[in-house]
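Asker: Please assemble the complex out of the two chains, which come individually in their own frames, going by the hints.
So you can see what is in the structure, the chains are spelled out below.
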Amino acid sequence: MSNGADILQNKRWSMIFRQHPLLEKILNNLLILVGSIFVLSIIVFVFARLSPGDPLLAFYGDALEFMGPAELDAARARLGLDGPIYIQYIHWLANAATGNFGLSLQYKIPAMDVISPLIVNTLILGITGYILVFTLAILVAIGCALHEDGLFDRIACQLGTMIYFIPAFWLGLCLVLIFSINLNWLPSSGAYDFGMSGNLVNRIEHLILPLTIMIGSHIWYYAYMIRNKLLDENRKDYVLLAKAKGLSKSEIIWKHSLRNVAPTIINLMAISIPHVLSGTAIAEAVFNYPGIGNMAVIAAKYHDYNLLMLLVLISGSIVIIASIVAYSINEVVDPRMKDTGVTVWEK
Amino acid sequence: MGEIDLSSFEIVGTGYKTQDEIVLKKSLLPALKKLPWLSIIVLSIIVSGCVFADHISNHDPTMYYLDHINEPPSHEFYFGTDSMGRDLYSIIWYGGRTSLMVGMLGMVLVTLIGITYGSINGMVNTRGDLLLQRIVEVFHCIPTLLLALLLLGTLGKQSVLSLTVVIAIVSWFALARIVRSEVRQIRNNEYVLAAKTMGSEFPHLVRVHLIPNIIPAIMFVVISSISACITMEATLSFLGIGLPLDILSWGSILSLANRALLTNTWWVIIFPGIFLIATLTCISSIANTFRKDTNKKPNRL
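Here the protein sequences line up with chains A and X, keeping their order. Numbering-wise (numbering that gives the first Met the number 0), the first sequence opens with residue 0 and increments by one. Numbering-wise (numbering that gives the first Met the number 0), the second sequence opens with residue 0 and increments by one.
Looking at chain X on its own, in the form it has when it is part of the complex (with noise of 0.2 Å):
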């Protein structure tokens, strides 16, 4: 046997990788740099002007300055004063208060329902599951919007809970559906088979098993509730069905739009208008965070 001589071979394909490479210690570096700082850091402001108003409000949000109704911004009044002479600088962080417990609030009861119903929905069985359903169903057919209008057209005059109830009951649906096809896909895997034949019982079941499988798939959903029902809290004020103009918030202060745009007073459309979609994005952005990337593939076009 003579030696082998490595020269007369050839090595082929030296870019061939049969699988991606396998990263598995991350630093902790590239993690951070993904979070959307700039939404982080705004909403962290609004949300502490809000908490601080008492320090950072220059004027009493419950007063009505009559000698000064209609004012363009000054450096007295920061963001001019509204048609009933209250100043908007000092109304805006007070009724982003409510605005922000709204959304909090509405996130907490949308969550509770939707997997409160998801899951006794992917739990039941199969004639269960298609009635449970129907109703999930029956009730998407009828417009958001509309639904609200219907249980606040019954309803008397509004308060921030009553609202924010009315809210949550029209928008858990599709978180619902979301907790149901989880808890389908988890009630048949072998773990909770084990779990069963071991005598655990159904609230130990939901609570170590089915909880902690689905949150990452219904944490987007979830802090997007909460631009949602900020958006609903702010429509349903502005349409003047919402709270009442005395219970400040974004939306109970833009509904003296319609009455800006008589007198053209543009500071008192776009200020609060500003807060709350300052809000909407750096929320929505913070959510996006959640979402998994499905597009590892490299694209074929």
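Only chain A is shown next, with the shape it has when bound in the complex (with noise of 0.2 Å):
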């Protein structure tokens, strides 16, 4: 992300901000989250209206070929459809701001209200799924580097590989054929049991198998990229330094590489967050988890664009928001990162 400077040209505003550095960076990165929000929404705006779908069909069904010329244009005013389609974005704009987002073609209500009680059970999977996988990548990477070439490593690549390649929703299908059909372990679908959403035991018992497949769709990538960073530090020079100090390869690793490899684990944390989401919609889609991923394909199946759009805006902020949180965090535990406002020669 830019840092917003050029847009702080004004020099009594970068007075005011030299002083308060912390306001500055705020104010930068509230830029930066605005600006890219609305592209987002233009572009997401553009994208479901430019489509070839009938949205009056979609929210009218069938009773749309009793409906006369008047009637059709009173619809099309009444879902925002009238105009050209800047006046409709600005229209939608407007109104997304005071948070009426349209109806949703499907089940007629607010979209908002349909979305608002399934973002948590999606925020619960979707994290405790993004905090293991990075965890278990971490440990695997480190494994990996501990022994390059050994028999960890090349069991962990072989394996890692594979398993990369299984289609998420294939290796969903098989763990439910396997530990809730045939075995009957593990329940195969929901987010709880009915009338045990406050159970705390259910609801791990209903996250374990989404997870899995969360966690097997998405671990090798990252523990993969993790390796080969660790890999590239362990041949620099210092590497060498801290062993003839007397270091053993496990301190050298965690106090070292991995320390120095920690910027790049949170860029690309920041980078993973969509592909994370792909993968809870995806699992949430196979063990029909009510969540807003399964809200979104469910949605795709019945062209409730209305929906979709909020969807789509709401998952795109999260990873602006994400990505924005990844470069402070960066700046913080990798001071080289840091911009300083003050050049060299202005000291």
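For the record, the hints were derived by calculation from the structure and aren't laboratory data.
Pairs of lysine-lysine, DSBU-like flavour, derived with a Cα cap of 30 Å: (1) X/33 - A/235; (2) X/33 - A/228; (3) A/235 - A/248; (4) A/244 - A/228; (5) A/254 - A/244; (6) A/300 - A/107; (7) X/32 - A/228; (8) A/107 - X/156; (9) A/235 - A/254; (10) A/228 - A/248; (11) A/300 - X/156; (12) A/242 - A/228; (13) A/228 - A/254; (14) A/242 - A/254.
Answerer: Here you go:
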């Protein structure tokens, strides 16, 4: 992300901001956030409106055939489909600013109301999966880097590549086939059994299989990247120095290599969020888990594009915010990346 | 001057090498041995099986054998039948045609869009570069699957072509980024400047200098995009928003899997999946040979 410094060219403003670097940083990030979400909304809107599907048909179904031209115009105006596309967009944006994202064409209630109860479920699955994927990926990568070309490394490389290329939905089907249907150990669908939404054990039982396929389909991609980064790091001279000082292998990895790779890992974690969100959507759809990913699939099936636009906007915004957070964390972790705002010759 | 007595000298540091030996002539054999032969053989078996599906299959793929519903693998139906009474062995070969076609066509489209956008992005001035990059970045923020769902949700019933176009539209961003950074590197080189001063036009520059130089860098991504497109097609068709049941593909065959779970008929899930995974793994290991080996230095750990 750019630091938006060119926007702050004005001398007086830059004076004020120089005295308050935190203020400047927050404003910069806000500018980036608003700008990105604005562009995102344009893209989403144009994509949804330019596709040849007829939203009127999706909303009214067969009743459309019995409408006269005046009724059709009224229906278009009601759904915000009249006028040229930029007028439509401005209307939509004005409504969206007040939290009104239009009616869900399928459920005939505001799109926000359809989604809001599902977000928590998705966040539970997504965040748990995300943390597990990266913890395990880092551990596997360290294990591989410790024994390069050793038994563990080779087994992990072969097994990891194989599992990575198993499509997530198929892995999910096989797990359901084995663990729910034939062994009857774990439930195959939903987030909790009927009437047991507060029961933690029941929820965890429902999370195990979706989490397994999320981990299975993502872990090796990231573990392999971190492993290669670690191996590159282990080829640098300071590792030789640390070894000469008498540090053990694991000490070098944990105290030196891993710290130098940390910014890369954080960047990777930020970039991976859309990838992991896609994985969440597949896991939810396979296990019929009530989350926004599963809702997106259902919405796509019924051509409910108001709902889809909102879902894409929400997930896009999550990713943008996360990448800004990652950038800020990186500045703390790796001082080399910090933009001090004061150039050397001004001091 | 007396004669130099060689025995009074001692050679030190015999093992010392200032640089690695450079092997100038490589024989073809090691290069051939490095190729992933197993993958190539398996992939060519699958591909030729799909091409000659008419000769291999022993049943009509469009027929519903209603008195043989959900039959386990037997000597008549090698892979069993699904819940609509279709012979799995036959429809897998025919379905492979569609899946492989989606993969190849998707790869072509992704490469075309990616190279075009990436080259333009790499050639424009700083401000244009910033703008074009931001656009790709914002697209990157949307999960691929959701973007595909958004496009498919507004489209009607899918055909192979429309689905492939959608898949290509959502998966060219990574390639465009790589092409951009390669182009940025190349365009500052002297030979491009020399060509410009000699009066070469932009299309000529792209054709003669740019594309041959970026091909090694993008080969891995391009070949991997085949398997990415196949996976995407299978996932979307499985979810019920890709190809309809009557257009056979590995994904649309697997879209019956939810019904198969209810009846516990494992063969409907396992066999198409094995074909799918075998193809994906083979393609990826072939793509891996195009990856440059970077870790040439010795490990210091």
